[in-house]
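Colleague: The whole structure should be built from the sequences, with the hints applied where relevant.
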Amino acid sequence: METAKAPDGVRGEMANLGKSLSIRGELSGSEDLYIDGQVEGAIDLHGNSLMVGPNGRIKANVNAGSAVIQGKLEGNIRATDRVDLKQSAVVLGDIATQRISIEEGAYFKGGVDVQRDVARPEAKAAGISSGKAPSPAAATAPEPRKS
94 METAKAPDGV
104 RGEMANLGKS
114 LSIRGELSGS
124 EDLYIDGQVE
134 GAIDLHGNSL
144 MVGPNGRIKA
154 NVNAGSAVIQ
164 GKLEGNIRAT
174 DRVDLKQSAV
184 VLGDIATQRI
194 SIEEGAYFKG
204 GVDVQRDVAR
214 PEAKAAGISS
224 GKAPSPAAAT
234 APEPRKS
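Per the working numbering, numbering of the sequence shown is gapless, rising by one per residue and ending at 240.
Rather than coming from a laboratory, the hints here were simulated on the basis of the structure. One should not assume that every hint holds.
[Said to hold, decoys possible] Simulated crosslink set (DMTMM-like; lysine to aspartate or glutamate; CA at most 20 Å straight-line):
1) K202 to D187
2) K202 to D177
3) K165 to E133
4) K112 to E196
5) K112 to D129
6) K165 to E197
7) K152 to E167
8) K179 to E167
9) K152 to E197
10) K179 to D210
11) K152 to D137
12) K179 to D206
13) K179 to E197
14) K179 to D129
15) K165 to D187
16) K179 to E196
17) K165 to E119
18) K165 to D137
19) K152 to E133
20) K165 to D177
21) K152 to D187
22) K165 to D129
23) K202 to E167
24) K152 to D129
25) K165 to D210
26) K152 to D177
[Unchecked claim] What follows is a set of in silico ranges between Cβ atoms, one per label pair, in the way DEER data are often shown:
27) K112 to N141: 28 to 34 Å
28) G118 to S194: 17 to 23 Å
29) R117 to L185: 33 to 39 Å
30) R117 to R209: 33 to 39 Å
31) G204 to D174: 17 to 23 Å
Remember, it's a predicted structure, so these values are computed and weren't measured experimentally. For glycine and all other residues, C-beta sits at the position ideal for the given N, C-alpha and C.
Modeller: If you want it as structure tokens, here you go:
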């Protein structure tokens, strides 16, 4: 993989998986990723951006901050910020995100769960990412002092 200038509409630089490359297994990292090749397995970008180019063919569950899909993706997408399905996108799977856009011409078969807070399941279980104060019922008042 190499680092390349991000395609239009994506910020900064990102790692690039070219169209002649194929990966089978788990792909994880803490940087933005552009895939124009093939990936089969799982993709976890720890809150960073995933862009699937027009030649990209993905068979994986995706966990990212945002996802822009131009190619084909078979699997579920969990994005903490947003998912954009471009005109050439083909997505077969469920999407959980805060914001979604689907351009005319894109093909999507699956369910959409638009959520206020799409945290990673293990973070939610630990109570880390909700940013919410505990409910009053969860708080315990101190015992009154006895004189």
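Colleague: Given the proposed pairing of K179 with E197, does the C-alpha separation stay at or below 20 Å?
Modeller: holds (8 Å)
Colleague: Is it true that R117 and R209 lie within 33 to 39 Å of each other by Cβ?
Modeller: Check passed, 35 Å falls within 33 to 39 Å.
Colleague: Taken at face value, is the distance from the CA of E167 to the CA of K202 at most 20 Å?
Modeller: Since the Cα atoms of K202 and E167 sit roughly 10 Å apart, the hinted pair holds (cutoff 20 Å).
Colleague: Does K165 pair with E197 here, judged by a C-alpha cut-off of 20 Å?
Modeller: Holds, because 16 Å separates the two Cα atoms, which is no more than 20 Å.
Colleague: Does the structure keep K202 and D177 at a Cα separation of 20 Å or less?
Modeller: holds (14 Å)
Colleague: Taking 20 Å as the top limit, are the C-alpha atoms of K152 and E133 close enough?
Modeller: OK: K152 and E133 at ~5 Å, within 20 Å.
Colleague: With a cut-off of 20 Å on the C-alpha distance, tell me whether K165 and E119 pass.
Modeller: Answer holds: K165 to E119 is near 18 Å, not above 20 Å.
Colleague: Tell me if the straight-line CA distance from K202 to D187 falls inside 20 Å.
Modeller: With a Cα-Cα distance of about 8 Å, the restraint between K202 and D187 holds, given a limit of 20 Å.
Colleague: Within a Cα-Cα threshold of 20 Å, do K152 and D129 meet the stated pairing?
Modeller: Roughly 13 Å separates the two Cα atoms, so the pair holds.
Colleague: Check whether the Cα positions of K112 and D129 lie no farther apart than 20 Å.
Modeller: Cα-Cα ~5 Å, so holds.
Colleague: Please verify whether K165 and E133 have alpha carbons no more than 20 Å apart.
Modeller: Cα-Cα ~12 Å, so holds.
Colleague: Is the Cα-Cα distance between K165 and D177 20 Å or less?
Modeller: holds (13 Å)
Hint compliance for this structure: hints 4, 9, 10, 25, 27, 28, 29 are not met, and every other hint is.
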